[in-house]
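A.B. asks: Below are the chains, spelled out letter by letter.
2 protein chains.
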Amino acid sequence: MKLYDLPASPNARRVRMFIAEKGLDIPKEEIDLATGYHKSPEYLKKNIMGRMPVLELDDGTTISESHAICCYLEEIYPEPPLMGQTPLERATIEMWNRRIELDLLNPILNAFVHGHPMWKGIREQVAEFVPICVNNANKSLEWLETSLEGRDYIATDTYSIADITAQCTLLMGKAVGVRPTEQQKNINSWWERVTSRPTARA
Amino acid sequence: MKLYDLPASPNARRVRMFIAEKGLDIPKEEIDLATGYHKSPEYLKKNIMGRMPVLELDDGTTISESHAICCYLEEIYPEPPLMGQTPLERATIEMWNRRIELDLLNPILNAFVHGHPMWKGIREQVAEFVPICVNNANKSLEWLETSLEGRDYIATDTYSIADITAQCTLLMGKAVGVRPTEQQKNINSWWERVTSRPTARA
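Note that the protein sequences, when read in sequence, are chains A and B. Numbered per our numbering, the first sequence spans residues 5 to 206. Numbered per our numbering, the second sequence spans residues 5 to 206.
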């Protein structure tokens with residue numbers, strides 16, 4: 005097994021943290037965007053989207069999309085469980101993971117893509133869209149704060165992939181000025197709790 | 005079990021088609037947006053996001069997010085399998101489902117939300133964003149066309165949730181002018197194949 009990695013990508017980080025939480029040692033190949041290798045015919049055979057991360061199995065089969073890679077690893081290496089242990093737990097974690105992805109990570113990524121000079125010339129940027137995305141992300145912090153009341157983790161009583169996704173999301177949020185307010189005590193305590201894990205810098 | 009449904013929603017349709025493919029008969033309650041019930045404290049307890057669909061279990065537990073509902077149903081009613089039968093199949097289907105969601109459904113939904121009069125006053129609209137979304141969706145049809153070469157279905161040799169997601173996505177695409185060209189023969193044959201299933205109108 006081998007992971008094609010992009011250190012700066014919040015999606016690749018999700019997979020690295022997942023791997024670290026599983027205690028796995030999967031070799032990584034860091035892709036240097038400057039070489040254009042990710043757009044080469046060789047790499048596009050691994051992932052037609054030309055993106056990272058990609059997990060390559062020993063027989064050359066490749067899996068892309070961060071969450072799909074995690075689903076695979078969870079089945080092959082079930083301990084410790086990060087995606088639930090019963091059908092209801094698994095569905096609940098999936099639900100929270102998607103809420104974080106769709107309503108918090110998506111607007112933060114869009115604010116970055118449409119507002120950051122790094123993306124100029126790579127993607128068509130609509131500056132007017134940026135404050136709308138930031139506003140939507142801030143609204144999502146409100147339901148996250150409410151939902152974390154009396155809870156240690158986002159989806160269930162234990163640390164899960166939904167927490168990993170939210171950690172990577174809030175790290176990315178800092179780059180576009182989305183961060184919890186001092187009043188959002190539940191998010192702030194959760195943040196202290198999850199970032200004190202040894203895997204938080206994976 | 006009961007499904008809180010919104011007939012016009014492409015996400016609710018994904019769940020209805022999934023249920024129909026499983027041959028299940030789950031009672032549905034159609035939510036009328038005009039009544040505002042989906043924003044009432046009672047409904048927000050079922051789904052803090054105030055959206056449909058929501059699956060309510062007999063003990064009152066609720067699951068929201070279309071894909072999470074399907075994950076739950078797949079485990080409880082495994083036949084016929086729509087999300088794969090081995091770890092690799094499941095990861096492959098998850099990968100394709102996400103590619104369709106993130107790179108085809110998302111831009112189509114954004115084109116609709118930012119361009120359709122229905123959303124005026126509900127969401128801040130950025131007209132300039134619409135053609136970018138349409139263009140991105142059309143680019144995604146290109147990799148979909150390439151990927152369907154020599155294949156009957158999107159993710160594996162059998163019909164899966166990735167096909168369901170793509171069907172609902174292309175139906176929605178018509179509303180914003182995103183549709184395969186005549187030259188995209190693989191997508192067109194796939195479309196004929198999947199829309200001839202009795203569940204296609206669920």
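For the record, the hints were derived by calculation from the structure and aren't laboratory data. Just so we're clear, the structure is a prediction, and the values are computed from it rather than from any experiment. C-beta: ideal position from N, C-alpha, C; glycine also. Just so you know, not all the hints are guaranteed correct.
Simulated DEER-style distance windows between Cβ atoms [as the list claims (entries may be wrong)]:
| id | chain 1 | residue 1 | chain 2 | residue 2 | range |
| --- | --- | --- | --- | --- | --- |
| 1 | A | T65 | B | P82 | 45 to 53 Å |
| 2 | B | L175 | A | T65 | 28 to 36 Å |
| 3 | B | Q187 | A | A206 | 19 to 27 Å |
| 4 | A | L175 | B | M5 | 19 to 27 Å |
| 5 | B | T199 | A | S200 | 45 to 53 Å |
| 6 | B | D62 | A | M5 | 38 to 46 Å |
| 7 | B | M5 | A | Y41 | 45 to 53 Å |
| 8 | A | G64 | B | A38 | 26 to 34 Å |
| 9 | A | T150 | B | Y41 | 31 to 39 Å |
| 10 | B | P82 | A | R205 | 17 to 25 Å |
A.B. asks: Against this structure, judge whether each hint is valid.
C.D. replies: Each hint tested on the structure:
1. A/T65 / B/P82: 45 to 53 Å: violated, 24 Å
2. B/L175 / A/T65: 28 to 36 Å: With a Cβ separation near 32 Å, B/L175 and A/T65 satisfy 28 to 36 Å, so the hint holds.
3. B/Q187 / A/A206: 19 to 27 Å: violated, 45 Å
4. A/L175 / B/M5: 19 to 27 Å: violated, 38 Å
5. B/T199 / A/S200: 45 to 53 Å: Holds - the Cβ-Cβ distance for B/T199 and A/S200, about 52 Å, lies within 45 to 53 Å.
6. B/D62 / A/M5: 38 to 46 Å: holds, 42 Å
7. B/M5 / A/Y41: 45 to 53 Å: Once the Cβ atoms are compared, 49 Å apart, the range 45 to 53 Å for A/Y41 and B/M5 holds.
8. A/G64 / B/A38: 26 to 34 Å: Distance hint for A/G64, B/A38 is violated at roughly 54 Å.
9. A/T150 / B/Y41: 31 to 39 Å: violated, 20 Å
10. B/P82 / A/R205: 17 to 25 Å: About 39 Å separates the Cβ atoms of B/P82 and A/R205, which means 17 to 25 Å is violated.
Checked against the numbered hints given earlier, the structure breaks hints 1, 3, 4, 8, 9, 10 and satisfies all the rest.
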